[in-house]
Amino acid sequence: MKLTRVQNYWNRQALVKYCFIAIIVVFVYQAINIHSKQVNGTSLKDKASARAEQTITENAIRGNILDRNGNILAIDLIQNKINLDPMIIQDEYIPLLAEALLIPIKELRRIIEEKRNNQRKEYIVKENLMVTDPILKNISELKKRRIEVCNTQLITPSINLFEKAKLLAGIDVSLKEKVERVKCGKQFVSGVAIQSSGFRYYPKTKSTAPLLGRTNNNNIGVFGIEAEFDRYLAGTNGEKIIKDNKSNSNIYHQTEIVQELKNGEDIKLTIDADIQFHVYNAIKESAEFHEADSASAIVLSPNGEILALANYPSANPNDRKSFDAEEYRNRVLADKIEPGSTMKPFTMLLALDKGVITATEDELIDVTERIGNHRPDEKYTEITVKLILEKSHNLGTINISERLENEDFYNAWKKLGFGESLGLMPSIENPGILRHFSTWGLTDKRSVSFGHGPMNTNLAQLARAYLVFANDGALPALKLIKDGNIDTKKQQVFSPESTKRIAEILDSVVSMKGSGYRAIIDGYDVAGKTGTAEMVIDGKYSKEGQKRTYFVGFSPVINPKYIIAVRLDYPKKCFVYWDPTLRNRCEGSNSAAMAFKVAMERILFNDLEIQSVSES
Amino acid sequence: MPDKSLLSAIIALVIFGWIMSFSASLAYFESYSYFFKQTFFILMALSAGLVILNTPISVLQKYSIPLFILSLVLLVIVFFPKPIGHEVNNSSRWINLVYFKFQPSELMKLSMVLFMAGFLIRQEKDLRSPWMGFIKTIFIIGIADVLLLLETDIGATLIISLTAMAMLYAAGSYIRQLSIVTIGLLAVLGVFIALIPNRFNRFVSFWYEDFWSSNNEKLYQTKAALIGIARGDWFGTGLGAGIQKYGLLPERHTDMIFAVIGEELGIVGMLFVLLSFAYILTKGFNIAKLALKKGRKYSSYVVFGICTWFAMQITVNIGMNLGLLPPKGFTLPLISYGGTSMILTIISLAIVLRVDMENKTNYSKQRKYV
Chain A
1164 MKLTRVQNYW NRQALVKYCF IAIIVVFVYQ AINIHSKQVN GTSLKDKASA
1214 RAEQTITENA IRGNILDRNG NILAIDLIQN KINLDPMIIQ DEYIPLLAEA
1264 LLIPIKELRR IIEEKRNNQR KEYIVKENLM VTDPILKNIS ELKKRRIEVC
1314 NTQLITPSIN LFEKAKLLAG IDVSLKEKVE RVKCGKQFVS GVAIQSSGFR
1364 YYPKTKSTAP LLGRTNNNNI GVFGIEAEFD RYLAGTNGEK IIKDNKSNSN
1414 IYHQTEIVQE LKNGEDIKLT IDADIQFHVY NAIKESAEFH EADSASAIVL
1464 SPNGEILALA NYPSANPNDR KSFDAEEYRN RVLADKIEPG STMKPFTMLL
1514 ALDKGVITAT EDELIDVTER IGNHRPDEKY TEITVKLILE KSHNLGTINI
1564 SERLENEDFY NAWKKLGFGE SLGLMPSIEN PGILRHFSTW GLTDKRSVSF
1614 GHGPMNTNLA QLARAYLVFA NDGALPALKL IKDGNIDTKK QQVFSPESTK
1664 RIAEILDSVV SMKGSGYRAI IDGYDVAGKT GTAEMVIDGK YSKEGQKRTY
1714 FVGFSPVINP KYIIAVRLDY PKKCFVYWDP TLRNRCEGSN SAAMAFKVAM
1764 ERILFNDLEI QSVSES
Chain B
1091 MPDKSLLSAI IALVIFGWIM SFSASLAYFE SYSYFFKQTF FILMALSAGL
1141 VILNTPISVL QKYSIPLFIL SLVLLVIVFF PKPIGHEVNN SSRWINLVYF
1191 KFQPSELMKL SMVLFMAGFL IRQEKDLRSP WMGFIKTIFI IGIADVLLLL
1241 ETDIGATLII SLTAMAMLYA AGSYIRQLSI VTIGLLAVLG VFIALIPNRF
1291 NRFVSFWYED FWSSNNEKLY QTKAALIGIA RGDWFGTGLG AGIQKYGLLP
1341 ERHTDMIFAV IGEELGIVGM LFVLLSFAYI LTKGFNIAKL ALKKGRKYSS
1391 YVVFGICTWF AMQITVNIGM NLGLLPPKGF TLPLISYGGT SMILTIISLA
1441 IVLRVDMENK TNYSKQRKYV
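Here the protein sequences come in this chain order: A and B.
Number 1670 in this note's numbering belongs to position 507 of the first sequence; there are no gaps in the numbering.
Number 1207 in this note's numbering belongs to position 117 of the second sequence; there are no gaps in the numbering.
It is worth saying that the hints were derived from the structure and are not from the lab.
On a predicted model such as this, the values are computed, not experimentally measured, just so you know.
Treat the hints with care, as some may be off.
Label-pair distances were calculated between CB atoms; the ranges are [stated by the list, open to error]: (1) A/Glu1255 with B/Tyr1336: 29 to 37 Å; (2) B/Tyr1336 with A/Met1250: 49 to 57 Å; (3) B/Tyr1336 with A/Cys1313: 34 to 42 Å; (4) B/Ile1105 with A/Leu1240: 43 to 51 Å; (5) B/Trp1302 with A/Glu1304: 44 to 52 Å; (6) A/Glu1255 with B/Asn1186: 37 to 45 Å; (7) A/Gly1204 with B/Tyr1336: 23 to 31 Å; (8) A/Glu1285 with B/Ile1233: 55 to 63 Å; (9) A/Gln1201 with B/Val1281: 47 to 55 Å; (10) A/Asp1296 with B/Pro1171: 53 to 61 Å; (11) A/Ile1310 with B/Ile1105: 48 to 56 Å; (12) A/Arg1273 with B/Tyr1336: 40 to 48 Å; (13) B/Lys1172 with A/Arg1279: 34 to 42 Å; (14) B/Asn1186 with A/Glu1311: 31 to 39 Å.
Every residue gets a Cβ at the ideal spot worked out from N, C-alpha and C, and that includes glycine.
All chains, full assembly: derive it from the sequences and hints.
Below you can see the structure in the form of structure tokens.
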């Protein structure tokens, strides 16, 4: 009886078995389902692969900016900073640390206390340290030392068996208070790290700032060349997906390159760092002396290469703490200006080419009659073309312009490139204006002949126009990037004979007879033309005598090597030639011409290829 | 000869576990020592299994009481100070045997099964005072439980108690007493929940709390396991190519080995393990049934006890690896790294195979068997 009862108990065993099989079925279902589970909108599988993968960006090294001779104008430097974690620095190390950092112990202690109170875990104590800085050496030596350090720790004493049993039985055992224990031992310093950081460094500082611009904190070019050519300079950051995937535990990463790291390209400019330096200093001194608002200058080589492009005021691009957009303004390219009398030589060239003047010594132009607003003066009745340019005579120029057609002016000016972008730095360049001749009124032709009216330009365009004197009347394109392929295509604007004649006249402008007498450089041939224009402020000519003064010139006169255009905005202090204390109205002749002289003189003195006339 | 298909399933799982625990331990510890140790344990376990395979179950029945007492003694020795006892994570569960640490709680599981089977047969006749017999049973389980609780080995305590209870139930003894006490315990539990809901809530919070948004450190292990398994998908990342084991997943070569399998071998690998265990245990339960049919109660109870123990251990371990149960310290039999566990698992399965062999012998021989 009893036996049969027991024998039937295998059904009870079977119950356990079937329970287990049911559980296994649930587990199989769960195992298959886990990867499609949704967690906060993403499937667990995606979440898992996101965790297993890591995208690492390798920063491309920014390309250098070089001058025509390979001198560095901008470079990425590796610099170091020292980062402290005040929360974990051992107190015993503070004196040693202060010594290594070359700062007073008290000061360091005070700072660390302060940071600790604010729970700061990071404090950059020194920045922009050159690799050779002694502080770095001190710190790395400090990190190798071990000194006796004591610290207190809170320790919970272990509980005995009886208490353990009580705990398990659910009886609350009053947990023992944590006990402070002082532990001493030799330790390395903790919480001191040397970190490296890239730093864009501009060795020529202020002389190049408006031209080169600078990079921002994210190493992206924000002004000038840095911004314009950012995509070449910046390179492409490398991007890698790191899959944690290898059985070797030292590096269990498998990298898959998504984007190849491409370091930035170097950019070689046509700029000559030395010339740039001289020119910058010349305009800076001049602007300070004449109390001008700003000054700018450009130096060209006859083949159209820009040797210098300087602006004042200018910032130190290595100083990241301050910023003023005015100090990064490239006035040479960005400012639209009326060139004034510096355009008169081109009026004469046009007239000469058209055969309406001969520009010889015996040709006299009558200046006794009033034309428009321009009244005759008592000084001259009949003057030569040479004298018109020497004295920058407006009525004489207008008289000649009356013999030319609007279309002639327009076509010539168009050929000279006015109103058209130079394509140097398109983002900041102001191409100026040249209104179509069909819209010109009665006075427009007259004013265009001396650089006003329906045309505007920038300083670079003006300087480029003067290249006709170095290229027998032809005009090459301007270049800022030295890339090997020299574009020799030139556009013939004026005949070689005419340009030669006007160049001779411009030579005499820079003589004691001409308005450019203050640009004379002893021992060198210099030609040029002064210019003065009333500034346009809020769309009107300034009534307060605010003027721009110009000087565009070149040297030597035959086969010129350097063409320089200088512009000063609103010079306020000018003096007469014979008395350096006697104030005079500011004009091209007594301000811009002087800046030109200083710049050209320094360039010529440093150019061994050009022999001074007295020596040869 | 033992049953070929069952033996091959066991050997296949052992080899599988050997490779997986190698993969999991090498990655993290950067040392082959775990691999060599595990190899040594497996060889030791197989030799011990071979010996058991040639031992009649009657011998085991004879020595079940001394073995149970020995296990109790060993559970006490654990608390001896160093160098005899060995403490990990503030719980002393190991006896230091120089080359490896012996864990008496694992031995206790088998001893309890062997002892309880004999005890149930001896108590069968004593139906006059069922309460007395039931209390005796509870007392025996109680001694072992108290010692295990002192070791803070709640996992082993639960397994041993529940296995003993299941055996009690399946053997048909003291059913009334068992039911009354179970209902009583449930009532007490109900009162406990009603009085102190906080503690209960904390216990069940695992199932209703969204653990992806919680920062509870205890759930970290579950999250790491689930992410690993999800990463594995159907075919896994490949053997040795898992990453969770490098530090994200704790206990990667012991308790959480199933998650490593899920990551490296995918759903296919997990199904292999699940179905192998299902096969082995179904087969085991059938062996117990057959033995009972043939009137060999002791063998039947022992095999049933062993299978129940394994079933629970596997359920809890895989359940926590799959995120269905809160993490607790349970190893996966045959697969997890660990000497004591491996040796006793193999010995237990050898007992199952031995019972099967005895089932299949002709009647004349069977008379000697129990």
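How the hints compare with the structure:
1. A/Glu1255 with B/Tyr1336: 29 to 37 Å: Holds, since A/Glu1255 and B/Tyr1336 (Cβ atoms, about 36 Å apart) stay within the stated range.
2. B/Tyr1336 with A/Met1250: 49 to 57 Å: violated, 28 Å
3. B/Tyr1336 with A/Cys1313: 34 to 42 Å: The hint (34 to 42 Å, Cβ to Cβ) holds, given that B/Tyr1336 and A/Cys1313 are roughly 36 Å apart.
4. B/Ile1105 with A/Leu1240: 43 to 51 Å: Check failed, 60 Å falls outside 43 to 51 Å.
5. B/Trp1302 with A/Glu1304: 44 to 52 Å: holds, 48 Å
6. A/Glu1255 with B/Asn1186: 37 to 45 Å: holds, 39 Å
7. A/Gly1204 with B/Tyr1336: 23 to 31 Å: About 28 Å separates the Cβ atoms of A/Gly1204 and B/Tyr1336, which means 23 to 31 Å holds.
8. A/Glu1285 with B/Ile1233: 55 to 63 Å: Cβ of A/Glu1285 to Cβ of B/Ile1233: about 58 Å, so the range 55 to 63 Å holds.
9. A/Gln1201 with B/Val1281: 47 to 55 Å: violated, 39 Å
10. A/Asp1296 with B/Pro1171: 53 to 61 Å: About 57 Å separates the Cβ atoms of A/Asp1296 and B/Pro1171, which means 53 to 61 Å holds.
11. A/Ile1310 with B/Ile1105: 48 to 56 Å: Since the Cβ atoms of A/Ile1310 and B/Ile1105 sit about 54 Å apart, the hinted range of 48 to 56 Å holds.
12. A/Arg1273 with B/Tyr1336: 40 to 48 Å: holds, 43 Å
13. B/Lys1172 with A/Arg1279: 34 to 42 Å: Between B/Lys1172 and A/Arg1279, where Cβ atoms are some 40 Å apart, the hint holds.
14. B/Asn1186 with A/Glu1311: 31 to 39 Å: holds, 35 Å
Checked against the numbered hints listed earlier, the structure breaks hints 2, 4, 9; every other hint is satisfied.
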